[in-house]
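Novice: Assemble the whole structure, with the sequences as input and the hints as a guide.
Protein chains: 2
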Amino acid sequence: MPKINITDVILRDAHQSLLATRMRTEDMLPICPKLDAIGYWSLECWGGATFDACVRFLKEDPWERLRKLREALPNTRLQMLLRGQNLLGYRHYSDDVVRAFVRRAADNGMDVFRIFDALNDLRNLKTAIEATKAAGKHAQGTICYTVSPVHTVDGFVKMGRELAAMGCDSIAIKDMAGLLTPFVTAELVKALKDSVDLPLHLHSHATSGLADMCHLKAIENGCDTVDTAISSMAGGTSHPPTESLVAALRGTEYDTGLDLEAIQEVGMYFYQIRKKYHQFESEFTGVDTRVQVNQVPGGMISNLANQLKEQNALDRMSAVLEEIPRVRQDLGYPPLVTPTSQIVGTQAVFNVLTEKRYQTITNEVKLYLQGRYGAAPAAVNPTLQQQAIGNEDLIECRPADLLKPELERLTHEIGPLALSEDDVLTYAMFPEIGRTFLDQRAAGALAPEPLEPPPSNEPAKA
Amino acid sequence: MPKINITDVILRDAHQSLLATRMRTEDMLPICPKLDAIGYWSLECWGGATFDACVRFLKEDPWERLRKLREALPNTRLQMLLRGQNLLGYRHYSDDVVRAFVRRAADNGMDVFRIFDALNDLRNLKTAIEATKAAGKHAQGTICYTVSPVHTVDGFVKMGRELAAMGCDSIAIKDMAGLLTPFVTAELVKALKDSVDLPLHLHSHATSGLADMCHLKAIENGCDTVDTAISSMAGGTSHPPTESLVAALRGTEYDTGLDLEAIQEVGMYFYQIRKKYHQFESEFTGVDTRVQVNQVPGGMISNLANQLKEQNALDRMSAVLEEIPRVRQDLGYPPLVTPTSQIVGTQAVFNVLTEKRYQTITNEVKLYLQGRYGAAPAAVNPTLQQQAIGNEDLIECRPADLLKPELERLTHEIGPLALSEDDVLTYAMFPEIGRTFLDQRAAGALAPEPLEPPPSNEPAKA
Ligand SMILES: [Co+2]
Ligand SMILES: [Co+2]
Chain Y
-4 MPKINITDVI LRDAHQSLLA TRMRTEDMLP ICPKLDAIGY WSLECWGGAT FDACVRFLKE
56 DPWERLRKLR EALPNTRLQM LLRGQNLLGY RHYSDDVVRA FVRRAADNGM DVFRIFDALN
116 DLRNLKTAIE ATKAAGKHAQ GTICYTVSPV HTVDGFVKMG RELAAMGCDS IAIKDMAGLL
176 TPFVTAELVK ALKDSVDLPL HLHSHATSGL ADMCHLKAIE NGCDTVDTAI SSMAGGTSHP
236 PTESLVAALR GTEYDTGLDL EAIQEVGMYF YQIRKKYHQF ESEFTGVDTR VQVNQVPGGM
296 ISNLANQLKE QNALDRMSAV LEEIPRVRQD LGYPPLVTPT SQIVGTQAVF NVLTEKRYQT
356 ITNEVKLYLQ GRYGAAPAAV NPTLQQQAIG NEDLIECRPA DLLKPELERL THEIGPLALS
416 EDDVLTYAMF PEIGRTFLDQ RAAGALAPEP LEPPPSNEPA KA
Chain F
-4 MPKINITDVI LRDAHQSLLA TRMRTEDMLP ICPKLDAIGY WSLECWGGAT FDACVRFLKE
56 DPWERLRKLR EALPNTRLQM LLRGQNLLGY RHYSDDVVRA FVRRAADNGM DVFRIFDALN
116 DLRNLKTAIE ATKAAGKHAQ GTICYTVSPV HTVDGFVKMG RELAAMGCDS IAIKDMAGLL
176 TPFVTAELVK ALKDSVDLPL HLHSHATSGL ADMCHLKAIE NGCDTVDTAI SSMAGGTSHP
236 PTESLVAALR GTEYDTGLDL EAIQEVGMYF YQIRKKYHQF ESEFTGVDTR VQVNQVPGGM
296 ISNLANQLKE QNALDRMSAV LEEIPRVRQD LGYPPLVTPT SQIVGTQAVF NVLTEKRYQT
356 ITNEVKLYLQ GRYGAAPAAV NPTLQQQAIG NEDLIECRPA DLLKPELERL THEIGPLALS
416 EDDVLTYAMF PEIGRTFLDQ RAAGALAPEP LEPPPSNEPA KA
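Here the protein sequences line up with chains Y and F, keeping their order. Heads up: the first sequence is residues -4 to 457, going by my numbering. Heads up: the second sequence is residues -4 to 457, going by my numbering.
Accuracy of the hints is not assured; some may be wrong.
Note that identical chains are pooled: a pair holds if it fits in a single copy or bridges any two copies.
Stated by the list, open to error - DSSO-like cross-link-like pairs, simulated, lysine-lysine; straight-line CA separation at most 30 Å:
{"no.": "1", "residue 1": "Lys54", "residue 2": "Lys29"}
{"no.": "2", "residue 1": "Lys188", "residue 2": "Lys271"}
{"no.": "3", "residue 1": "Lys271", "residue 2": "Lys304"}
{"no.": "4", "residue 1": "Lys63", "residue 2": "Lys361"}
{"no.": "5", "residue 1": "Lys132", "residue 2": "Lys361"}
{"no.": "6", "residue 1": "Lys185", "residue 2": "Lys(-2)"}
{"no.": "7", "residue 1": "Lys29", "residue 2": "Lys63"}
{"no.": "8", "residue 1": "Lys128", "residue 2": "Lys188"}
{"no.": "9", "residue 1": "Lys270", "residue 2": "Lys304"}
{"no.": "10", "residue 1": "Lys361", "residue 2": "Lys399"}
{"no.": "11", "residue 1": "Lys351", "residue 2": "Lys121"}
{"no.": "12", "residue 1": "Lys153", "residue 2": "Lys128"}
Hints in this document: simulated from the structure, not taken from any laboratory. All figures in this text were calculated on a predicted structure; none of them were measured in a lab.
Specialist: So this is what it looks like as structure tokens:
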């Protein structure tokens, strides 16, 4: 019996991190029999940005992908990443949409729902967890790990206990930025295992090159399952390689029980597949430890660089990097993950490029300070809050409590273009691109974005 | 005070592993002031294959490189890798050449001599260690790590004690193939530290993606210094990234005391430099765990592939990979490192491609079985030995005991082309290319191999 379980993220987070979420279903299905035979605890294969990428770029029905993967992986748990009340879209949905979405995902074959909220506001996880349990599926409550003066091991443990009380079947630590260090991981994992009687999962990105060391310390301190990616799509902003962890633990009390050679064979497959998507590779795929110095996730830095370039202000980058911690403090130290990373980053750019800090306040910051995303981890700057929202009401309830049921309206709006409830939910996630997708499908005009041919190996003429 | 020391291999093993040892002195010197300020325990910057590459490809005087690095790095120990009685060449040298070479390296600025023998035959380290001590420098005795039925932790500890008795100032574990696993490392390091009262260094290649986890367990078990490479030349067949380890240990009892931001700045420099040598990059730079299954080092597999391709027999690769452990057993389980990896690999190819095993016995295998490389770790196959050497004598003494002094002969042979003892030693290492180098220098005709311009980013025409 394996002592340590593995979730392989090759079908979701690996290509989301390395190839702009572009891997197509046609490149997943041929290897599924081999993946299915390995004996993973689960395969993460849906959710996150994959739904968006399917509809926007690949012109694939994401629900159809799920059904095909379910059929091709009969012996392995399928796992998805769900942004709590945001589902897979970019706003808060009403509870009836959340319930319908989770039910349909379960009906189409999803087993494990990893549910998180960018602010760690558990009220934003409530409906999704309840819906997962109602569907008889595995609800995994997620702690977004971050570093700030108000984030402590005790605070994360309290959150773990609350997730257990909400009925979660397991707890995940989500280190999206690669901020964890091995000895902090040891402390955090030990404290959680001592206080919460649930299986613990660790999801740590390899960005800063520390994640496999974090895995090792997590495992020594009682972590049950870790997330890895098959080696040909591991490392960099993805995850540590599956094969290395399997080899590291072989013959020890933590043996995963997985067949290293079988995984190596799958690795060769994805090594070839990766080449097909070379146009989405970033120039830099190595280790980047800057997040360990300035706490700004790698992906956020490249977004900021693009924003500044458009304004012809790339030279203000270091000023922006210094402003980010101040804005984050004003906003009560949110973890930096979608959508808070964009909210904080864009406001920091405004604060640097205009003459006076908060001379311009973005609409998102206003909504945030009003409480529309949920409760901030710590008190926000009261002067800024007053300036931003003026006489408007503060929201202290669960944001979704203010939303009326909307499934019926959405069904009506999309009309006969939707051939199923799944289609309505696709439209709900992405009103514009979802409608375009359904339109094109009806017209028989779905066409995925083209892929560039492999690059030339010839040197440029000097 | 730092608790854990770091040797950065950026100037030697990193580019030897990733860029076919091609980094030029002109690309090292500009960053030396920053490297020198970081506070490394040492910078590995000479020896290994760099001497060969300087003379053969770069048309640089390797001694001149050493002097320039010494001048540019006044505050940091310089470290080299020395192949025991083989020095930096490919045969056993007489003791007078070994002594002269070590003395001249010391005089030109070398501080730390890491000395190893492919068979772990300590008699092959004796003269080099003595010469290092005679020059007042740091002698680091090296244990080549390998896996076999006759290699045990106890055996390695015994070797550590013997190295201490020979006067070594520190002990290094050299895991050239990436065979170490974290929990084996823990056991080995603990046993060595318990038995040998010397500083312990760990050199583990990142090939199989386990080296940083090995570092962590080594450090927890008393290892004093680990070898890393600046991140932009880390990973793959090189070493784990320096920055990640510094970040991992910051604020713990093992803190390196190094400034992470200063190292990041150096990393940006080498990120750019690496591009200049793109033609030497291998297609595959990721993690390769195959060595953990078949114990055949990654570099050896690519050499075998080339050998088989020339014979139009690439389809026999798996037969060769199965034959290698058998040949290795026949030869008494040598660690696979230069030159034993070539000796074992070539014989395995012959055994597979001819009709009968050992129908052809290579000259190197014959010399090996005669004892000319030193003592094998375990008994060799006696039938094979008899077949190979016939009536010739077995050598049981230290191989160099059979060699007469040869420095005078070499000096005479190269004549006025040598302007210094250093030149004589260059000729001694590489009689042909060394002479060519000195010839071309005299003629003012030294020209480094050309570098290709950066590759085109344009896609090939489909
Ligand atoms: Co992730
Ligand atoms: Co090495």
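Novice: When no copy is specified for Lys153 and Lys128, does a C-alpha distance of 30 Å or less occur within a copy, between copies, both, or neither?
Specialist: within (22 Å within a copy, 59 Å between copies)
Novice: Between copies, within a copy, both or neither: which fits Lys351 and Lys121 at Cα up to 30 Å?
Specialist: Cα proximity of Lys351 and Lys121: none, with 40 Å in one copy and 71 Å across.
Novice: From the Cα coordinates, with 30 Å as the cut-off, is the pair Lys54 and Lys29 best called within, between, both, or neither?
Specialist: The answer is within: 26 Å in one copy meets 30 Å, while 50 Å across copies does not.
Novice: When no copy is specified for Lys270 and Lys304, does a C-alpha distance of 30 Å or less occur within a copy, between copies, both, or neither?
Specialist: both (29 Å within a copy, 24 Å between copies)
Novice: As a check of your reading, is Lys361 near Lys399 (CA-CA no more than 30 Å) within one copy, between copies, both or neither?
Specialist: within (22 Å within a copy, 86 Å between copies)
Novice: Checking an output row: Lys63 and Lys361, CA cutoff 30 Å. Within, between, both or neither?
Specialist: neither (42 Å within a copy, 59 Å between copies)
Novice: Taking 30 Å as the upper bound on the Cα-Cα distance, should Lys132 and Lys361 be classified as within, between, both, or neither?
Specialist: Neither: 37 Å inside a chain and 66 Å across chains, both beyond 30 Å.
Novice: For the identical chains here, do Lys185 and Lys(-2) meet the 30 Å Cα criterion within one copy, between copies, both, or neither?
Specialist: both (17 Å within a copy, 25 Å between copies)
Novice: Is it within a copy, between copies, both, or neither that the alpha carbon of Lys128 lies no farther than 30 Å from that of Lys188?
Specialist: Answer is within; shortest intra-copy Cα gap is 22 Å, inter-copy 53 Å.
Novice: Between Lys188 and Lys271, at a C-alpha cutoff of 30 Å, which is it: within one copy, between copies, both, or neither?
Specialist: neither (42 Å within a copy, 49 Å between copies)
Novice: Within, between, both or neither: how does the pair Lys271, Lys304 come out at a Cα-Cα threshold of 30 Å?
Specialist: Classified as both: same-chain Cα gap 29 Å, cross-chain 26 Å, threshold 30 Å.
Novice: Using 30 Å as the alpha-carbon threshold, which applies to Lys29 and Lys63: within, between, both, or neither?
Specialist: Intra 15 Å, inter 55 Å, cutoff 30 Å: intra-copy only.
Going through the hint list in order, the structure does not satisfy hints 2, 4, 5, 11.
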